[in-house]
Each structure stands twice: as structure tokens, then as C-alpha cells.
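Participant: If you read the protein sequences in the order shown, they are chains U and Z.
The letter at position 11 of the first sequence is residue 11 when you use my numbering, and the numbering goes up by one with no holes.
One rule links them: number in my numbering = place in the second sequence (from 1) + 592.
Treat the hints with care, since some could be wrong.
[Stated by the list, open to error] What the simulated footprint calls covered on chain Z by chain U, stretch by stretch (three residues with Cβ under 8 Å from a Cβ of chain U suffice, anywhere in the stretch; the number is not a length):
hint: 1; region: 1220 to 1226
hint: 2; region: 1349 to 1359
[To be verified] Once the Cα atoms are required to be at most 16 Å apart in a straight line, the calculated EDC-like pairs of lysine to aspartate or glutamate come out as:
hint: 3; chain 1: Z; residue 1: K1304; chain 2: U; residue 2: E62
hint: 4; chain 1: U; residue 1: K541; chain 2: U; residue 2: E17
hint: 5; chain 1: U; residue 1: K76; chain 2: U; residue 2: E62
hint: 6; chain 1: Z; residue 1: K692; chain 2: Z; residue 2: D723
hint: 7; chain 1: Z; residue 1: K1346; chain 2: U; residue 2: E475
hint: 8; chain 1: U; residue 1: K47; chain 2: U; residue 2: E87
The hints are simulated quantities; they were obtained by calculation from the structure and are not laboratory data.
Values in this document were obtained by computation on a predicted structure and should not be read as measured data.
Positions of the beta carbon are idealized from the N, C-alpha and C atoms, including for glycine.
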Amino acid sequence: MQVYKAPLRDMQFVMHELHNSAAHVAEIGQTDVTAELMDSVLEEAGKFATDILLPLNASGDEEGCRLENGVVRTPKGFVEAYKKFCEGGWGGLSSPTEYGGQGLPEILGKMVEEMQCSANLSFGLYPGLTHGATLALEGHGSEELKRRYLPKMIDGSWAGTMCLTEAHCGTDLGMMRTKATPHEDGSYRINGAKIFISAGEHDLTENIVHLVLARMDGAPRGIKGVSMFLVPKFVPSEDGRPGARNGVTCTAIEHKMGLKASATTQLYFDDAVGWLVGEPNRGMRAMFTMMNAERLSVGIQGLAVAETAYQSAAFYARDRIQGRALSGAKYPERAADPIIVHPDVRRSLMTVRAYVEGCRALSGWVATALDLESKAADPERRQEAEEFVAIMTPVVKALFTDLGFELSSMALQVYGGHGYIRDHGMEQLVRDARICMIYEGANGIQALDLVGRKMPAHMGRFLRQFFHPVQAFIETNSDDPKVLPLAKSFAALQQATAHLAQVSQKDPEEAGAAATDYLRLMGLVALGFMWAKSAKVAEAKLPHANGDAGFYKAKLTTAQFFADRLLPQTGALWGAIKAGKASMMELEEAAF
Amino acid sequence: MADVQKVAVIGSGVMGCGIAAQIANAGVRVLLLDIVPRDGTNRNAVAEAAVARALKTEPAPFMSASAAKLIETGNIDDDLARVAECDWIVEVVVERLDIKQALYRKLDAVRRPGTAVSSNTSTIPLAQLIDGMPETFARDFTITHFFNPPRYMRLMELVTGPLTDPALAARVAAFCDIALGKSVVSCKDSPGFIANRLGIFWMTGAVSAALDQGLTVEEADAIMGRPFGIPKTGVFGLMDLVGLDLGPHINASMASALPASDAFHAINREAPMLQKMIADGYTGRKGRGGFYRLSKAGGKRVKEAVDLHTGEYRAERAADLPELAAAGRDLRRLMTGQGKVAAFAWRVMGHMMGYAAKLVPEATDEIASIDEAMRLGYNWRHGPFELIDMVGADWLIERLRADDFAVAPILERAAGRTFYRVENGVRQQLGLDGEYHDIVRPEGVLMLEDIKRTAKPVLRNASAAVWDIGDGVLCFEFTSKSNALDEQIMALMGKTVALVKQSYKALVIYNEAPNFSVGANLGLALFAANIAAWMQVESMVATGQEVMQKLKYAPFPVVAAPAGMALGGGCEFLLHADAVQAYAETYAGLVECGVGLLPGWGGCKEMLGRWATAPGQPKGPMPAPTRVFEMISTAKVGKSAADAAEMLVLRPTDRVTMNRYRLLADAKTRALELAVDYTPPEPREIVLPGPSGKLALDQAVAGFRKTGMATKHDVTVSGELARVLTGGDTDILDTVKESRILDLEREAFMRLLKTSGTLARIEHMLETGKPLRN
């Protein structure tokens, strides 16, 4: 049985204490969003996750989606749950009020997203994609398209998708074949086939709005000839209600390792009516708005699954009795001690916990930047926030999802053989978590994005938004021994960064060879920074914590664990990076 | 002709005035004469107006305002007899034989016997010019053909006749070489001499080939430009610069002068579109526009180009020619194959090479002269024979034959081999006799390029190299990209100082890149700053300071020999050398404030020291900081070596070399002079005003801020600069040590580097090449 209760206290800590929500809402001009308001939203969202979504997670995995006569049926209970989701207004939590959203800050929105994905990742995908699609449309669509589609998507009655992949092109979208032909009324006719389209067809909403990449006649070759089109499943009639069925059909759904309650579809576009979103041949730019949002969300999915795995494993470790503590029986009255007494079980639990809380703190930091980039009054601040998001997006996506899989596997291990059978739901978490490392740009691509694109951009300008705060924190706290491990790791990161910037100028393969290790190194330093800051906050609060003392003590201990046991990996990663590509690229292809 | 005290220049048009200015730049007095204007009372008005105009022209014909004072203006009617005061008479009047000859007859009557007379004609043969003149005149007569603008174009073609006195010609050549800094190429008395003969063939061919192949002007210029090492103006952009209206005159004069068999006639066709453009006033940059123009229609500045078929302007379109990228540096591949790119490249450049070979022996007997003329007269990176060596003479011969293009004898001689080769470290050229002949540098010319052909560097790393240039002198060469200064350069300089101390007499800092150094590697500094690697940056600043101090106080003389730009850290090397031997075209300055920084390698310290001890300055501790502050805060760059001297970047004891080729030899000579009984300078301490002085400078900046002349970040940068230059917390009663000023420099540098305003400036400079005014 999967165990999940929203980690409300930790979320409050991240929002209010670590990232100072009061100052944050003031900076984005939303002082009406009080801590109390945020807390009550969190509480309600937590209830929704535990009461409505969690019970459908295992059953949805068991049942999966079915394709019947071109219609996809989601598992039992999903339609009802989605209805409640819309009634609760959860879909438009952070969407603009102008189109019916609630306009709440992302720092809150991302927490709610995490809860939904913790409780039921498959379910979370449907509204998650819709949210991403609204961002792309809001950023690049015409007023007419925005007016017609955004309110419906934000209230959840219509869903959204992103259609990029084709059978022969995934990462290399320049090879795309789907065609868009202009029509005399200003619309386009879309023809082609797409695969791996999440939520491409389902029974949760009355309409589905596809954002489709396609190539216009005579467009330049490669990625610079790709445009974005809005293709609805039903073309809205004049009154705005779904009208004629459009020429887009679901021809198959994929049979996957996990995430079975999410419909992954193949879509066939046959003279489907579509409208251009953004400028011709600038489709990737528009799609990147959506993809960047999605990449952060996918990172949070990794974190979310690991949280559920942690709660489940912690529950099991306290419950399951087996053997005795190495230092002698802790519960002599019982037949055996609970396995939580064992250092190695502790090691697993502490590792998962330290990463999960660290990731949550980091996602909170990135979420504040998401708010600032659109809402800060000072344009310089907006620019800086945008650059921070740009540099952290690949880190969050790849680090969190790598960890999501590693940690759920580690949590499964706590169960022993019981983790490997279906009843406890741990193997579902491992299977579900696995996709997050792949979709929205595989993690290897994220690492390349970081090292090849974000790092060298403007002579390292994006890096500044991360490196300067960390350096300033280390300088301010140079007398605090707790900060020393961070200082050491940060020095390794600086060296690795300068080294890569230099060697990759001469040989881009060096950057490619180092990319994944570098991303992990930077990710660990980011988590180390979050932990060091968290520890400072907890230390300051502890003397007058009263009933909360246990929480702050646990923070300090977990921070120490992270610094002692996890952060030292940075030294090994820097060593690996320094070694260069030689042994990696040496073997002849035939030797593989 | 080192004894030339005064030169008469007759004719004060753009060329005449430019030549006069360059002679004045050399420190020689000039008598500049032109006609008496038809109206008005001032009989010298024409020549006077020319000098006044030249003082306002950019790029400036004069290297300094004081040079202009060496020019005395007059008119031909009243002052011609004064040519008797002059040691050389240069005629630069209108290109009409009758007028020139009439002038020569008058000149001959008044000049001192034996005074050299030369004409700057570009179209009239020498034989015609001296036709009917007495033999005594012919003996003293040459053609000295300068290129426009005379200060900056390093080529001068020298034409002598059969009667010209060789000794006199050699004296004229020596003066033009040493005093005026020109590379003198001897030509025969044939039409267009060398550079224009070939250049006109090339341009005319390119225009007709572009029309035939249906290329746009952008495409033609893209093919001609970068791939062949020709300035990116290509052909059409160059014609815009020169003026379209000159073309028909020059072509007509070439056509009438060249024999019927010459290949020029085949490509010299009427171009109605060109004629129409000229008739409508579209004569290039000086007119309403040329093949390109900047349209300001609708308030927007749009670059436009002419459609060669319709004659209409349209928005400029960057050439999209995958063939160029595909061929890379393989010129043979670029000129081979189907398609308009290959056809155009071959017809223009292939035929140009074939025609160049024909100029031996018509225009000269030496291929090296032709290459030098095209390199310096047209700014080509490679001369035609160097290009032939790249594509192969045999390949060229075969292609030319296929086109029925006559293969010149010298080209046939090159079959199976190259035009140039290196034998025993000496570069040789192929002669018409089929033998290779050494290319001998004139006396007083020493080139690193030659030394490097055989020698191995004494020391070297990724960014610098050290060469033994003989007689116990080492030469330190920057080799990094754009000669940007980095850790490697500083490290090698440190080693070099130790080495010279041990085993050599002196050190020269010199290189043969277009610019001595444009300063520190800002890309590295910015990246380090972005990742908050403050310690590394600070140690880079500190190391640089140490190296500079070591150079200054080394027990041997250090001579810096800059050419081109010497900015920021590059300028600081000059400031720490014991002597500077500067190429006249040196542009030096401490420009750090432009990128939101300040000189951190001792630049502030040295400039303070110089202005504090400069004669003629008001007393007290304030004048020196004030003068240095004005210079550094505005990032002032000297527009010549003479200008640098006025800024005290060069000291009165520093020297200037007019000819780029002679710079290293002059620097070496200077170093050896100083090495005799050399004693290093004594460290000096100066009195600085301290906080009250800073206040005064801050107030001045606040005033500039109010009037909008200073930006927000200027105030921050100036404030830090003011603190350094006034000595920090010092007191008027104290003296400040050099080490203290260095500390102030370093601390201020680091504070500035941590501001977002400075980081934005650096980034903007690196990405756009332009300063950001934030």
C-alpha cells in the first residue's frame, strides 16, 4: 500500500521560512496572498491528493487506458476525480485571472503540483500538460485564440497537449515531416502523424487542444522551418462550444513500462484545421515556453514520486519487524526489532529524505524566480529571474528525475522482496518514475543543454544568478563550520566550470563527455546550498520553537547528513570531469 | 635623402594635401602651393582651405595638430620661386599632360639644380611627362605614386625613366621609405604601373562577370572577400569607396594606353546601368549612394543594395552561398565545379592571376613587387603569386588554356613548382630566368617573420613566444587570439625576465599582428566573474602587477615596440618599459573605464608618476590626478604615436618609427643603446591629495551626470578611479609608495568587477564590439 500525506510542514518551511514568502509576495505585488491563505490552499490540496487521487493510483495502474473505436477510456474513477479537480479550481491555480485563473504565485502552485503527482502521477499529467499549453498560448497566441481557448483550458473543461515527436524524429525535430498548408480563410490544414503524445485522447474533457509542430510549405530546412499550430479535437462553433469533429484521430495507444493510467497516444492528422500560434518558422520558440514549464514540472514529478516512496518506506521500516539492532535489542518485548533500527535502512531513508527535502527547497527557489520573471516590477529583476530559471531548468529536470528513480528504487529496497511484488505499490512507483528521466528531453539532453548552451551563453551570464548568491552566502558564513562542506563543493564546481568552459571551446566532445557529471555536480551544490540555508534558518528558530522543535532538529540533522554523506560526491564528480573524454571515446565502434 | 629639410607639394587636392600632411607627420617642413582662386582677395585660399579641411577629415591625414603647423601654404603664381628652398618637389596637379608639362617648365626655371622632382600621376607615362624637357630635368625626375589616403596606405610606386639618375631615385626612395614610412615598389613605365593595372583589371572583370553570372552585389562581394583574403568590401563595396565616377575615366585611359593584344580589352565593356547610376549622382559613398547605401526612409536606417539588373535599390540581403562554406580555405575547390559561385570565382580570380603573370616583365621583373603592391595597395592578405602557389601553377595553366587565356612566360616557368620557396631560411622568388632569387630585406629592416622561418623560440607557451633576435636581445611576442593578455602571457613574461637577467642584454616587446594588444582577455575575466571566481581574478591582477614591476625594475633595458592598437593592459606594457619605440600608427590608451573597470596593472600608478614629474605643470598634488583622471575616465585613445606623446603615454625620450618594417630593428638598436651601462630606475614616491582631492573629482563627475554627459555607472567607475588616483586615504603631508597605489588599483578593480553595471559593460563590449553606456 502506498502511503502519502502531503508534507505540509516542510512545504510551509520552504515557502515561508526559507524563501520568505512575505517578502516574495510583496515583490510580485500580491500582498493579498497571505501565509494563511497559502497554508489553507496547501491543506485543501493535500486533502484532495490523499482522499481523491491516491486511492486511484494503484487501481489506475492495474486497469490502464483502453482505446475503443478511436476513443480512449481512462481507468475507473478518473472521470469523476477530474470533475472534482475542476470544481475545486485546481487547474487554474496559478493561471492569470484575466482568463479565469486564480493568479496565485508559482511558489504555491508548484507545491500543489507536487502533491498531485505524489498521489497519482498518471492523473497529474493530464492537467499538467493543459497548464503548459496555456502558457504557450498565452505567450505566443493571437488575442482571438487566447480569448477562445484559454478560459476553457484554465477552468479545465478543455485539455491541452504538445505534439512534437514523430516516428523518425524525437530529439532531432528538424527532421519533422508533418505539413501545414495555408487555407484561404487564414487557417491551415495539418497533415501527418505524431507519436508519444501524452493525453492526446481521453474522456476527461469535452475537448482537447493540440499544440502541433509542423512545417509550412517552402519553409527553411531543419528546425528553423518548424511552426506551431493549434489544432482542436472539436472545432469550436460560434458560441464557443465544441463543434465539428476535426481531422485528428487517435490510431493507437502505447503499452508502457509504467504511467499506465496516462494515455500515450499516436495521433493522425488528416486535413485537420489548425491556426498558427506565434510567428511562422518560430515554432520551437513558442514550444520552448511550454517545454521549459514542463521541464520544471517533470523535475517536480521526480521529487513527488520520491516523496511517496519515502513516506511508504518510512512507514514500512517502522512497522516491519525483523532481526535485532546491531547494538542489542531495542524492543525486547517484541519478537524482533523494527527494521528502522538498522544503519543501512537508516542510510536509505536518510538519503531519500535528504534529497527529497533538498529538492523541494530548490524547487521553491526556482518557483520564486518563475513568479519574479513575470511579475517583478523592476525589469532588471525580471531579467535576472529569467536567467536563473534558464540555468536551473535542466538541473531541476535531470537531477530531480534521476533522483526520483534512484530514490524510489532505494525506498523499494527497504521492503526487501515485498517491494518487488505488486501489492505494496513500490514497484509501480519505480516504473512510473522511470519515464521522467526520458520525456521532455532525455536527461542526457538536459546535461548538454546546460553545458553546451546555458553555460557558455553570454560568457557565462546565466551562471551568475546561481554562482553569485552561493558565493555571497559562503562569504557571509565563512566562520560557520556547517558551511565548510558547501564551500569545498562550490570550489570544485567553480573549478569544473572554468575547466569545461576552456576545454570545450577547443573540443565540444569534452563538454559532451562531462555534461552528465557536471549537471549532477551543480545539482548537488545547489541542494547543498539549500541545505546550508535551511540549517541556518532552523538553527535560528530552534531556541524559540516550542512545539516545532522536533521539526527544526530534524532539519538540522538531515542537513548534517546531506553535508556528511551526500555532498562529498562532488569531489568524485570533479575528478571524473577532469579525466576528460579519452577513455570514453577510445574504443573503435566495432568493439561495442 | 635624410638631408631633406623641406618639400614642395604642388596641388592641394585630396592626394596633394594628404601627401603634404604625411611629409609634415614625418617632421619635415612643407610648402604647399595651389592655383590662385578666380575670385576673392586671398590668393592662397585654395591651399589654405585644403589644410583646414584636412584638419577635420576622418581618418585624419595629420598625426598631430602640431604637424599641420609645418605646412606653409601659398600659390603657384606668387610663390613658385620658393621651391628653390625645397629639397624635393612633388607635383600632384590635375591629370592633364599639358598642364603638368607647363608646370614642369616653370619649375625647372626656379628650382635649385639637382632638386628631385616627382609626379604623383597614376595614368600618364613618365616618357610623356618628360617629353620635350631638358635632359637635366629628366635626370632629376621620377613618378612617386602614392595611394589614398597617403597617411594610411603604405604603398608607394616609384617609376624611373631611362635618363633618371639612379642615385637621385635611391634618395627619393629612401626618404619615402624611412621618413614617410612607405613600402617603395619600383615599377616600369607602363600603364597603371602595378597596383592599378591589376586592380582595375580585377574590378572590371568582377563587374562584368557578376552581370554575366546573375550574381547579386552581396554575393559577388562575399565570394571575392573573405575566401580570397580580400577586404570584405569585395569589389562593389570597394567601388563605392573609391567612387563609381572614376571608373569610366580610368578604364578609358587604360584602354587607350594598353596594346590591342591586352586581355583588358576583352572585359572592358560598356555597362549602361553603371553609366546611369553615375549620371543620376549615385557615385558611391561620396554621392547619393552606390551599389550599397544607407536608406533613412521612414526614420529607420536600412542598408540597401542595388539590383544589378533593374538598377533599383532593395533591402540588403546577406549572401547565402553554401559553396563558400563547403570550399572552406580550398580555393581550388571554390573555383572548380558547376554553378555561378565557381564560375564567378574562377573568371575573376583565375583570370586575375593569369593577368598578374603577364605583368612580368611588362610592369616589373619581380613577382614579389606585384604581391607587395596588391597587399599594400588593395589590402589583400595574399598577393596574386601567393594565391597561385595556393592553387598550384599547373592547375592554373591548365584552366587558363581551357579558356584560351594566354599563359605568360613566368607562369610557364612555374609549372611543376612554386613561385616562392624557402632555401636555407631565406625566402626566394622565381625569376623570369627560371631561377630562384633571394628576397633581400633592405638594410635596417628586421622581421620576426623571417627569424621565425628558421629559429626555434627560446621560450613559448599557448599565448606567447620569445625569440632570440641577435646581439643579446630577446623579443617577446604575444601570440594569443587578438593578442589578448592572459595568465599565460604573464607567466611567460615572468620567466623571460629571469632568463634575460641571466643570459641576455635586453628585451624587446614586439609582434607583427595588426594590433600590439587590445588588452586583457575580457572573455576569461567575465566568465571568471560570472562564476564568482574572485580569488582567481584577483590573483590574475596581482600577478600582472608583479610582472609589470619586474619589467620596470629589471637590471636590463626593456623596449616596447607597439604598432596599431595598444589598449588597456597593452598600454600598461608600454608604460612599464624603459623606452618605447613606437610605430607612427600606434593607437595607445587606457580604455578600461569603457568596460567599467580601471587600469589594474599599474597604469594608474605610471600615469600619475609621469604627470607628477612633467615639466610645465602647475604645482601641488592635484594637477597630476586631475589630468590622469580626465584621460582614463574618458578612455582616451591616442590617434597616433604623436598623440600618445601628448598624453605622456610616450615620454620625450621615446622614439617613433615611420615604416612598419623598420620597427623591430629600431627597437633593437634602442635596446642595445640603453644596455650600455644600464641602471634601472629608482622607485619613486609621490604626494597625492587624498580624500579632499577625490571629493573635487567626484563633484566634477556629479556635474557631468547632471548635464547627461556621464551615465549612472560612469559615476560608480569614476568614483573608484578618483579614489585610486588621489591616493586613497593618504594625506597631503605624506608620500605614497608605488606599492600602495597598486593595492588601491587592485582593490578598486575587484570592487568594480563585482558590480552588475561593469559585468554588463564587459559583456556588451565582447558581444557587439561597442561600449555600453549604462
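Participant: Now look at each hint and say whether the structure bears it out.
Facilitator: Hint check results:
1. 1220 to 1226: violated (count 0)
2. 1349 to 1359: n = 5 at 8 Å, threshold three: holds.
3. K1304/Z to E62/U: 65 Å, violated
4. K541/U to E17/U: 9 Å, holds
5. K76/U to E62/U: Measuring from Cα to Cα gives roughly 10 Å; hence the hint holds.
6. K692/Z to D723/Z: Cα-Cα ~11 Å, so holds.
7. K1346/Z to E475/U: Measuring from Cα to Cα gives roughly 14 Å; hence the hint holds.
8. K47/U to E87/U: 15 Å, holds
Violated hints, in rising order: 1, 3; the structure is consistent with all others.
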